[in-house]
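If you're matching them up, the sequences are chains A and B in order. According to the working numbering, the stretch in the first sequence is residues -13 to 437, in order. According to the working numbering, the stretch in the second sequence is residues -13 to 437, in order.
Certain hints may be false.
Copies of the same chain are indistinguishable here, so a pair counts whether it falls within one copy or spans any two.
[As the list claims (entries may be wrong)] Dumping the calculated DSSO-like pairs for lysine-lysine here, alpha-carbon to alpha-carbon at most 27 Å:
no.	residue 1	residue 2
1	LYS25	LYS352
2	LYS320	LYS197
3	LYS15	LYS138
4	LYS65	LYS352
5	LYS198	LYS15
6	LYS138	LYS14
7	LYS125	LYS35
8	LYS198	LYS434
9	LYS287	LYS138
10	LYS25	LYS138
What the hints contain is simulated information worked out from the structure, not anything from laboratory work. This structure is a prediction, so every number in the text was calculated from the model and none was measured.
There are 2 protein chains.
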Amino acid sequence: MKNFVFAIFVSLFAVNSFSQTEDSAMIKKISDEILTNGKAYDNLRHLTKQIGARLSGSTQMIQAENWGMLLMNESGADKEWLQECMVPHWVRGGKDQAKVKSLNKTLDVLALGNSIGSGKEISAPVILVNSFDELEKRKDEVKGKIVFYNYKFNPTFISTFQSYGDAVGYRGSGASRAAKYGALAVIVRSMSHSADNNPHTGALRYDTAFKKIPAVAIGLRDADWLSDQLQKSKLTVSLKTDGHFLDSVKGNNVIGELTGSEFPNEIITIGGHLDSWDPAEGAHDDGAGVVQTIEILRTFKAVGYKPKHTIRFVLFANEENGLRGGTKYAEEAKNKNEKHIFALESDAGGFTPRGVSFGGSAEQLKKLQSWVSLLQPYGVYEINAGGGGADIGPLNRLLKTPVAEMSPDSQRYFDYHHARNDVFENVNKRELELGAVNMAALIYLIDKYGL
Amino acid sequence: MKNFVFAIFVSLFAVNSFSQTEDSAMIKKISDEILTNGKAYDNLRHLTKQIGARLSGSTQMIQAENWGMLLMNESGADKEWLQECMVPHWVRGGKDQAKVKSLNKTLDVLALGNSIGSGKEISAPVILVNSFDELEKRKDEVKGKIVFYNYKFNPTFISTFQSYGDAVGYRGSGASRAAKYGALAVIVRSMSHSADNNPHTGALRYDTAFKKIPAVAIGLRDADWLSDQLQKSKLTVSLKTDGHFLDSVKGNNVIGELTGSEFPNEIITIGGHLDSWDPAEGAHDDGAGVVQTIEILRTFKAVGYKPKHTIRFVLFANEENGLRGGTKYAEEAKNKNEKHIFALESDAGGFTPRGVSFGGSAEQLKKLQSWVSLLQPYGVYEINAGGGGADIGPLNRLLKTPVAEMSPDSQRYFDYHHARNDVFENVNKRELELGAVNMAALIYLIDKYGL
């Protein structure tokens, strides 16, 4: 009996050892291909420099969809198609302006996405609050004023996404919470650790119970300046913004597919989102995820890997201000009764890989974690329970698909996020490529062993 | 017996558990201090922007030493002093020039450090070799020519330091190996993955058996251009460099000390090097290591941590082209019969922390590795056998001191290394600070528990 158990053990070990070697070799092949012949960086250059910002509804959105279709084909998709969905069409409408006229100081501001324009210029006294708690305590002082939320991006969290989660409520609901007490507009301190003065925009959501009021993000230096000045004396700020919605338009998810050789009806999804905010080029957010997604397609073809399951490479529409693309993708999957076994998203920037966040069962997580030693040489050293990204969230909710998101190093992400410096020059070629290497390796393992 | 063992186990576990909690709390305190009140970034700004490049022998070397002394004092050292050592004084002597006159193309080149000037312009046919092997095979063609080493920085190694180790021989000994066969000068492809055209300088060492010939690094785009042109036709390059040595001068290690409360005669060293190559600001190499070193001193004082062992914070002189500072530090330690229990260096750039490389016994390595779970929340997830940095190498060789070096993420290091873009703007504040956090945490643990 003992010998028998021992024999099984040895035999298991031998098989496992062989598989490990085979998998290591395949992952090395994938890595060498991407690091030597990679196209992700050149593709990102085209997307950012030739097309540029591509907010839902813009001309560039259409250009980006066409570019995506062409690239799916060139990269070796068995087929590629557009999946239509209606997307909101918010426009900035002009140059956002804010000034403290009494001190002749122009403030660097950007209207928040989805926010309403001021119409004519608003001039009103500013009330600074450091938190929602302070807003509630001073609610009687708010009427007729501009509320300046000066809530700090917490430096003590190591993951900057934790600081973001902590602070983003001021951007998302700050306007309506101030409008509730009669504020005329809000100025929101940008969610960033950066040392520059670029304001960081992003979506707000109005609470329909209250009046819609203008809302702008302000750069960090100007936020500190305004805060300092308000210690000395009361101030009036003049604000003019022109944001508004046009009619919704047709947008599209761009989908490329490698059809599975053994399980064509079992689908693995990889994706990033094609839209971006308007002030910059959307290089990290989420040009990186887009070109990494396409790079995995190109690489599987280049190394001759034929997936057992169907793999869909998806460039999602409208992540930033509506999530219509991700929602449409999941709804159609449900309507067609598709079987989705896994989805992976890259939407945290093209930075050096560190981890993967996973939303699925404990057993599935354990299986993923058993592969960490295969990924670690390429950067991913931990896979933790968490969630997938925004675009594959609906797939998880509607179809219970296990989802994951790449967690690259987060230190620089909020230097660029939704700001005018989210440009190609701030993406490092190697970091971008290594992200694609780890994504491709993970997909290879899931395709081979299931989940 | 069983109960007794169980009791010991529980008691050990409780103690260990308490210590872990206490250590976690202390490391969190250190981290919060650095990430909230850190001075490393401002100090780096001063070193790079107010002082700038500080090659051994330059006026800026003296300025940097004076700045270092002042900062040690301001940051709370019990005492600070200069440790004198003679340093070489190589100067570039002018603007390095290279041109393919027949095609009216100026090449972007930088003379290698320690290299001899061409005197008057050298014009000679170019022979391209892709490796030393090729040089040996074609040695009969070399006489009277300029050898162009076009050896590629290997993209398939994940750690860029591996690519560097693989390629740096062309910079170090390429000139003499070509001179052996009668070459007049060498052009060396820069050791970098960067997408720009900046040439990367660095030290060469002449083999005294052969004639000293001029040597330049060439930017990657120009290297590719030159390689392409040489496929089409033979070319002559004209080269002019003016590098030469002046008399050696007095330089200094800058040393600050916190005297140990229990073991004042047992010394822990932390350091980076103060000198830098002349084309840029030496921001990553090694301004980062310098300001991180001082930041740990400041932080220990700020959080009220009184080390049991003596901790020396050392800004080493002349790492780049002589290692005189590191050598002097170890020699004096040996002469004075000092007891050095550990040394830690930061000289791989101010990038996000990932690992630590350790040179010491297997038992010591195991002890260090037992602390990884305490460091992991701050970025360091692995401690591997390897070595310390260059400056503490002599301490390891002469006194058998266990040594370690920070291994931050390496992807961007060789975009900047010894090139004109190694400037303050390319250092991220948070990454720099997190390096200091992990270094401080490691030193705290070694001071508390010994090694």
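Verification of the hints:
Taking the shortest alpha-carbon separations for LYS25 and LYS352, neither the intra-copy value of 33 Å nor the inter-copy value of 42 Å comes in at or below 27 Å. In this homomeric assembly, LYS320 and LYS197 never come within 27 Å of each other (Cα to Cα): the closest approach is 37 Å inside a single copy and 76 Å across copies. When the C-alpha separation of LYS15 and LYS138 is checked against a cutoff of 27 Å, the pair qualifies only between copies, where the shortest distance is 19 Å, while the shortest distance within a copy is 45 Å. Neither within a single protomer nor between protomers do LYS65 and LYS352 lie at most 27 Å apart by alpha-carbon distance, with minima of 34 Å and 53 Å respectively.
Within a single copy, LYS198 and LYS15 get their C-alpha atoms no closer than 55 Å, and across copies no closer than 43 Å, so neither meets the 27 Å cut-off. For a Cα distance limit of 27 Å, the shortest separation of LYS138 from LYS14 across copies, 19 Å, qualifies, whereas the shortest one inside one copy, 43 Å, does not. Neither within a single protomer nor between protomers do LYS125 and LYS35 lie at most 27 Å apart by alpha-carbon distance, with minima of 46 Å and 46 Å respectively. Taking the shortest alpha-carbon separations for LYS198 and LYS434, neither the intra-copy value of 52 Å nor the inter-copy value of 58 Å comes in at or below 27 Å.
Proximity of LYS287 to LYS138 under the C-alpha cut-off of 27 Å is restricted to the inter-copy arrangement: shortest distance 26 Å between copies versus 47 Å within a copy. When the C-alpha separation of LYS25 and LYS138 is checked against a cutoff of 27 Å, the pair qualifies only between copies, where the shortest distance is 19 Å, while the shortest distance within a copy is 39 Å.
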